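Read top to bottom, the protein sequences are chains A and B.
When we follow our numbering, the leftmost residue of the first sequence carries the number 1, and every step to the right adds one.
When we follow our numbering, the leftmost residue of the second sequence carries the number 276, and every step to the right adds one.
Derived from the structure by calculation, the hints contain no laboratory data.
This structure is a prediction, so every number in the text was calculated from the model and none was measured.
Where is the CB? At the ideal position from N, CA and C, for every residue including glycine.
A portion of the hints provided could be inaccurate.
[As the list claims (entries may be wrong)] Label pairs and their in silico Cβ distance ranges:
1. R586(B) / V28(A): 15 to 23 Å
2. N608(B) / W247(A): 54 to 62 Å
3. N479(B) / V209(A): 37 to 45 Å
4. K425(B) / V28(A): 15 to 23 Å
5. L24(A) / E625(B): 44 to 52 Å
6. A4(A) / R641(B): 50 to 58 Å
7. A230(A) / E504(B): 35 to 43 Å
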Amino acid sequence: MELASVILVWLAYLLYAAAFAVFLIGFVTQRPWTNALGRWVAAAALAAQAVGLVLRGVEAGHFPFAGLYESMVLLSCAIALVWSVAESLTRLKAIGLYVMPVVLVLLTVALVEYNPPVGLGPVLRSDIVVVHVTVMLVAIGCLYVAGGAAIIYLIEEALLRRRRPGGVLGRLPSLAALERLVYRATLLGVPFLTMGMAAGVIRAETFRVPGWATDPMVLLSVAAWAVYLALIAGRVRREWTGRAVSWLAVTGLVLLLVIRFAAVPYLSAFHTYGA
Amino acid sequence: MHVVVAGISHKTAPLELRERLALDDEAALRVSRELLDEGVACEVVALSTCNRTELYQWARDSLAARHAALAHLARHAGVAPSELEPALYSHSGDGAVAHLFRVTSSLDSMVVGEAQIVAQLKAAYQLASDGGCTAVVFNRLFRHALEVGKRVRTETAIGERPVSVSSAAVGLAQQVFGDLRDRSVLIIGAGETSELTATHLKANGIERILVANRTFAASTDLAARIGGEAVRFEDLEEHLVAADIVISSTSAPHYVVTRESVERAVKRRRHRPMFLIDIAVPRDLDPEIDRVRNAYLYDIDDLQQVVEHNRHEREREAQLAERIVEQELANVNDWLRGLEVVPTIATLREAVEEIRRGELARLGNRLSGLTDEQRAQVEMLTTSIVNKILHVPTVKMKEVAGRDQCYLYVDAVRTLFDLDGHAGDDGDTPAGDAGRATADHTDRAAAEDAPSGGTVHHLRGTGTEDA
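Full structure from sequences and hints, please.
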C-alpha cells in the first residue's frame, strides 16, 4: 500500500506538471481551451493525490500529517483544493498558472524528503493535534492563494501604471477580480487560522509546554494573524483597498513562509512536523 | 468546373461605390437566380457586407462567370460596367477558395480579426441555400469555410486585442474592473471619440452614462443619442464621485479636472478605483491624477501606444491564420479534384475489383480442389460479371462528363460506393487526417440538413432535361 500511495503521489506530481505546461501554453498562445484542459488535468492530479494520501494514512494508521513528507503532500493538496473551488466559484481565469508552481515546489520538497510511514510519537497522539493540523492546512491553503493573487495584483497594477498594456497584461485577470479574490480568500482563511491557533494553544496548555508563549514560532504566528485581521478590518471599512490590501496579503504570506521554512525548523523549541 | 469569385471590397472600391453595390437579401437572391438561369453557373452564393460585395460561382468557364458577375453587379448598381471594371477583382480555382477562406478568417477584413464576418457569411450562405442556389459543391465548401473561420478564431489570438482607440479604452477599463455591468461612466465634453467610446462601453454592458458639457443643451443631445443622462457641468465634482470611468474630450485650453478633485472623489468613493481617459488635445485631465491611489489615467498617446502594440500582435497572429488557410485549402482541393469524372471511374473500378479479389481470396480453401484451368475460368467469370455491371455506369458517366451537372453524378457515385471511405484507408499525414475529419463532419451536416434539397433536386432537374 505504501508503494501504491507513492506511485499515486508521483502520478499527481506529473499531472500537476502537465497542467502547468498547459496553462503556460495557454498564457503564451492565448488559446481559450487551454484553461479548461489545464483544470481537468489538475483535477485528475488532485484526485490521484487525495487517494494517495488516504492510502498513506491507512498504511501509517493515522491521519497523514506527520513528518515533512506527509505535511507537504497534505499542504499542496489543500492549496490545489482551495484553488479548484475558487476557480469554479469565481470564474477567474489564469490563476492556475501561478498556483501550479507552488504546488509543484511543495511536492518536490515532499518527494525529495520522502520517509516511509511510521506510527505517531506520543506527542502527536491526540485529537486536538489532528484538529490543529487540519484546520491550519485549510487556513494556509487559503492564505497562500490570497498571497499569490496579491502578487499578481501588484505586478498588474505596476504594468498598468507604466503603460505596458501589451504583453502579459491582457492575459491577467482584472484588478477588481484579483482584489476580490485576495479579500475573500483571506476572509475564508482567517477563521481557520484562528481556530488552528486556538487548538495549538489548548494543546500547549494541556501538556504544559514550557515557554510556549514566547516561542518565535508563536510570536510570528500572532504577527501574521494581526496582519490578516488588519487587512480585513481595513477592507471592511474601505480605508484600505487594492494595493494596500495586496501588500498586507503579501506581508502575511511572507510571515507564513518564514514560519514554515525558517522559524519552525531552526528557531522553535517545541513545534515539530511530527518528525 | 471552377470555383469563381468576383467582387469589390474596401481594398478596391471607395465607400461610395460599395454602397451602390450593396445587395440586400432580395437583390442577392435575384442576382444569384439570374446567374443560374443564364446557365453561367451551377451554384451561386452572393455575399454583401458594408465592406464587400462578392459573387461566388461554381462555373464551367471562369472568364464567362467573371463577365456575368460584372454585368449583373453593374446593372444592379446602375453603373456602367466599364466604371466598375477597375474595382472588380476575381479569382478562380485555388485562388477563389483561398480568398473565401481568407474572408471568413477575417484576414481580408478592414480590421483584421473582426468577428462579424463569420456570421455575415453564414447568413449569405443560408439565404442562397434556402433559395435553392447551392448544391453539393457550395454546401460543402461554405460549411467548410465557416469551420475554417471558427478554427482560426479558436486556434489563433487574431481577434483578441482591441485595435481602435475606443475599444482599447474599453479593454483597459475591463482590465481594471472586469465585468462592466454595474459600472458607470461620466463623459465630459461631447466629442466624437468620447461618444464612440461610450457606445462601446454600452455594448460591453455599462448601464449608467452621465454626460456633462459646458452647454447643457449639447449634453442633453448627446445623452439622448447614447441613452445617457445629462448632468450640469457645474456639479462635475459631485459626479466624479459616482463615476467609475471618466472620459474627457472638451476643447478647454486648461485642465478641467485637477489632481485635488480626483483625490477628494476617490476618498469619497471609499477608495474604489477610477479609470480616467483623456482624449482631448490639449489635455483636460491633470497628468498628476495618475499618481492618486486607485486612480488610473490614460491619455490619447497612451491609448495610441496600446493600439499600435495590439496591431503588431494581430499581424503576427494573421500569419498563423494564413497557414491554417493553406492547410484547409489542400483538404478542399483533394475533394474538389475527386469530383472529376475520369479519376472517379478509375476509383470505382479499383474498388469493385478489390471486392472481387477479396471474395475470391476468401473462398481460397474451397477452390483449392479446382484445377488451374477451372480456376482460370472462375477468374474470368467473375471479372466479366464485374465488367458487365460496371459497363453501363462507366459509359453513362463518360456521357455526362461534358455536361455542367456531371459533378452531381460523380458525387452520387462516390457516396453510393463509399469511394472516399476507401481513399481514407490509404493513410495520410496526421494533418491530413484531421482535415478529413472536419470535412467529413461538414459533409454529414450538409447531408442531414438538406435531405430533399441540393443534390436530389438537381439530379431530378437534369433528368427531366434529358427526357
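Flag every earlier hint the structure violates by its number, smallest first. 3
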